[in-house]
Amino acid sequence: MEPVLDVTAVSMNFGGLRALNDVELKVNSGEIVALIGPNGAGKTTFFNCITSIYTPTEGEVWFTPKQGVRTKVNGMKPNLVTALGMARTFQNIRLFKNMSVLENVMIARHCRTTSGILGALLRSPAVRREEKEIVDRSYELLKYIGLHKFYNEQACNLPYGAQRRLEIARALATDPALLLLDEPAAGMNPQETESLKHLVLKIRDEMDMAILLIEHDMSMVMSLSERIYVMEYGCLIAHGTPAEVSSDPRVIKAYLGEEAHA
Amino acid sequence: MNELIKSIQVSIWFMFLTFPIMVIRVNAIEKSVIWRWENLALVGVGSFVLSFVWRWALRRKEAGDAAAASGGQEAGRLSALLENPALRLPIQVVLLAVFCTIPWFVTTYQTNILISFLLYVVLGLGLNVIVGVAGLLFLGHAAFYAIGAYSYALLNQYFGLGFWVALPIGGLVAALAGVALAFPVLRLRGDYLAIVTLGFGEIVRLLLENFSDITGGPSGISNIPRPGLLDMQLSVAGANIYIYYIVLALALVTIVAVTRLKDSRIGRALQALREDEIACEAMGIDRVGVKLMAFGLGTAWAGFAGVVFAAKTTFINPASFTFFESAIILSIVVLGGMGSNLGVILGSAFLVLLPEYMRAFSEYRMILFATAMVLMMVFRPQGLIPEKRKTYTVSDPELNAATGGQN
Numbered sequence: 179m180e181p182v183l184d185v186t187a188v189s190m191n192f193g194g195l196r197a198l199n200d201v202e203l204k205v206n207s208g209e210i211v212a213l214i215g216p217n218g219a220g221k222t223t224f225f226n227c228i229t230s231i232y233t234p235t236e237g238e239v240w241f242t243p244k245q246g247v248r249t250k251v252n253g254m255k256p257n258l259v260t261a262l263g264m265a266r267t268f269q270n271i272r273l274f275k276n277m278s279v280l281e282n283v284m285i286a287r288h289c290r291t292t293s294g295i296l297g298a299l300l301r302s303p304a305v306r307r308e309e310k311e312i313v314d315r316s317y318e319l320l321k322y323i324g325l326h327k328f329y330n331e332q333a334c335n336l337p338y339g340a341q342r343r344l345e346i347a348r349a350l351a352t353d354p355a356l357l358l359l360d361e362p363a364a365g366m367n368p369q370e371t372e373s374l375k376h377l378v379l380k381i382r383d384e385m386d387m388a389i390l391l392i393e394h395d396m397s398m399v400m401s402l403s404e405r406i407y408v409m410e411y412g413c414l415i416a417h418g419t420p421a422e423v424s425s426d427p428r429v430i431k432a433y434l435g436e437e438a439h440a
Numbered sequence: 005m006n007e008l009i010k011s012i013q014v015s016i017w018f019m020f021l022t023f024p025i026m027v028i029r030v031n032a033i034e035k036s037v038i039w040r041w042e043n044l045a046l047v048g049v050g051s052f053v054l055s056f057v058w059r060w061a062l063r064r065k066e067a068g069d070a071a072a073a074s075g076g077q078e079a080g081r082l083s084a085l086l087e088n089p090a091l092r093l094p095i096q097v098v099l100l101a102v103f104c105t106i107p108w109f110v111t112t113y114q115t116n117i118l119i120s121f122l123l124y125v126v127l128g129l130g131l132n133v134i135v136g137v138a139g140l141l142f143l144g145h146a147a148f149y150a151i152g153a154y155s156y157a158l159l160n161q162y163f164g165l166g167f168w169v170a171l172p173i174g175g176l177v178a179a180l181a182g183v184a185l186a187f188p189v190l191r192l193r194g195d196y197l198a199i200v201t202l203g204f205g206e207i208v209r210l211l212l213e214n215f216s217d218i219t220g221g222p223s224g225i226s227n228i229p230r231p232g233l234l235d236m237q238l239s240v241a242g243a244n245i246y247i248y249y250i251v252l253a254l255a256l257v258t259i260v261a262v263t264r265l266k267d268s269r270i271g272r273a274l275q276a277l278r279e280d281e282i283a284c285e286a287m288g289i290d291r292v293g294v295k296l297m298a299f300g301l302g303t304a305w306a307g308f309a310g311v312v313f314a315a316k317t318t319f320i321n322p323a324s325f326t327f328f329e330s331a332i333i334l335s336i337v338v339l340g341g342m343g344s345n346l347g348v349i350l351g352s353a354f355l356v357l358l359p360e361y362m363r364a365f366s367e368y369r370m371i372l373f374a375t376a377m378v379l380m381m382v383f384r385p386q387g388l389i390p391e392k393r394k395t396y397t398v399s400d401p402e403l404n405a406a407t408g409g410q411n
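In order, the protein sequence lines correspond to chains X and A.
Per my numbering, the first sequence starts with residue 179, numbered consecutively.
Per my numbering, the second sequence starts with residue 5, numbered consecutively.
Worth flagging that the hints you see were computed from the coordinates, not collected in a lab.
From the three backbone atoms N, C-alpha and C, an ideal C-beta is built for every residue, glycine too.
Heads up, simulated DSS-like pairs for lysine-lysine below, C-alpha to C-alpha not over 25 Å straight-line: (1) X:LYS255 with X:LYS204; (2) A:LYS392 with X:LYS327; (3) X:LYS204 with X:LYS250; (4) X:LYS321 with X:LYS375; (5) X:LYS244 with X:LYS255; (6) X:LYS204 with X:LYS375; (7) X:LYS380 with X:LYS204; (8) X:LYS321 with A:LYS394; (9) X:LYS275 with X:LYS310; (10) X:LYS321 with X:LYS310; (11) X:LYS310 with A:LYS394; (12) X:LYS310 with X:LYS327; (13) A:LYS394 with X:LYS327; (14) X:LYS204 with X:LYS244; (15) X:LYS321 with X:LYS380; (16) X:LYS275 with A:LYS392; (17) X:LYS375 with X:LYS327; (18) X:LYS275 with X:LYS327; (19) X:LYS275 with A:LYS394; (20) X:LYS244 with X:LYS380; (21) X:LYS310 with A:LYS392.
Away from chain X, derived, C-beta distances all over 10 Å, residues of chain A: (22) ALA32; (23) VAL97; (24) LEU118; (25) PRO188; (26) LEU192; (27) ASN227; (28) ILE245; (29) ALA331; (30) ALA364; (31) TYR368.
Please construct the entire structure, taking both the sequences and the accompanying hints into account.
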């Protein structure tokens, strides 16, 4: 079985700054993998490299969609990467703030639908059917994520935790094979985090999806993920099961500092 | 009491500021100075009253904002009336009937004014796609108006093409020009985009002015034929009424087309582009394609309007397509309400019809214009009629049960 995501020795330079240095990472299908590390370690840069918002300076990113061929995605346009089956959420929430909750999800159906300008002008039965399918599917996803009560609210009026969940719903609407979550629990209270944990597990089990997440909430990371990668200063410093990683001296050093200083 | 003191201060300050120009008048021939003290009193009283009114209006606005924030919807009775579904159809029918019959009851002059009003509706709706829906600040709309007008004039002069053939060609040429302009400005946003499009508008005008061999230069092209109706010879008044109906049809088509576009998959992609470009790409929308589409869809309408304009006036020259024209069209969109089609129609009524019917004040037109714009930005920045979002209804029995049938 091919891994869904196979990143080989990716490096990213911003001028003289090396934000990522030879990062290697694999995500197998149906797996939940976490990427952790102190602030500024390069986790979000790594996400941006995978999703082609940045083009990595060196290295390759290989992605295998469901029933698809292994494709090299670095250097591709970000929208094509999404169309292939990789969807992400953002650390600093990037919803379409002035649009309704339902519309936010509907937009993400863009790459799975086809009607064009002429279709919009003529409103043929096929176009109307597609439009109805978009609405139905989007609503279904909102219901899945538990936000259907707010479907006509403006996205910016949702509470913070709900906005994070809406981002996940929006990402799911692109029918991804790999879901990238960038700090989904940031700013959530313990109950919200708990229900988010169940949601992530539910998505993985019911939608047959691999999930790669960046997270600072250690209890969530340890209980959710099958494997953990740890980054510091742009380099991978450890990799393994939660138990292995949490006892790794380098990881403890990265998070807590040297023993002498602690 | 506090308010009174503030107003007196303002009044004294204004009297002091305007003292040299309003009170002292030097008569250079008799070498004497005339002191016009009565003006001082007028300025004093005037600024006193105005400062009262100004602060009252500001307070009212703040109260309104607070009410809107606390959930009390004070959205304006006019838009509430227009949104009422029971009234909507009758209003539309009556308006349509009025617009269909009006040229038979008014003079040719009035018909002309209505034609230019409808032309600005088409132009405004086109620009609204770019500025209002896709959120790209665009200051060169008149260039595409010119491209449409000149396509008809030149095609007619050199190839003898008629109005009806030229109409789609004009729109197409303008759309292609819009897409061509969009390519180099793909990375620009906001002010930078505005500057480039403004420059493009001037380039087109200067080209038309200086390509004398082809375009006739500043003296323009004359004797452009009016559209024919089944080979009939129409009188000038008759031809005018005919053109009126063509523009009316064009405006109606534009309204329907733009509304449908806005509510479609493409329209949603345009709005997403306005909200957040990075999220837009991450959600699988091709940023480049959508931007090109926005430009093409917006400028095509300017091309259509240009062809009709050339046929209406039978004479065009570059002076009709200056930056001032672009500014008026943008003002229509901003004043009416960005993204709102109804707002654009009202905006063009305000900016095209009012100046025509208030010719008596034509000397003060620019002052009134500017004042209206400033007041608008302070008291109603979202425009006369703010954008109304499409609401989707979902039939979900569970949801209705959960919320007691409120949704």
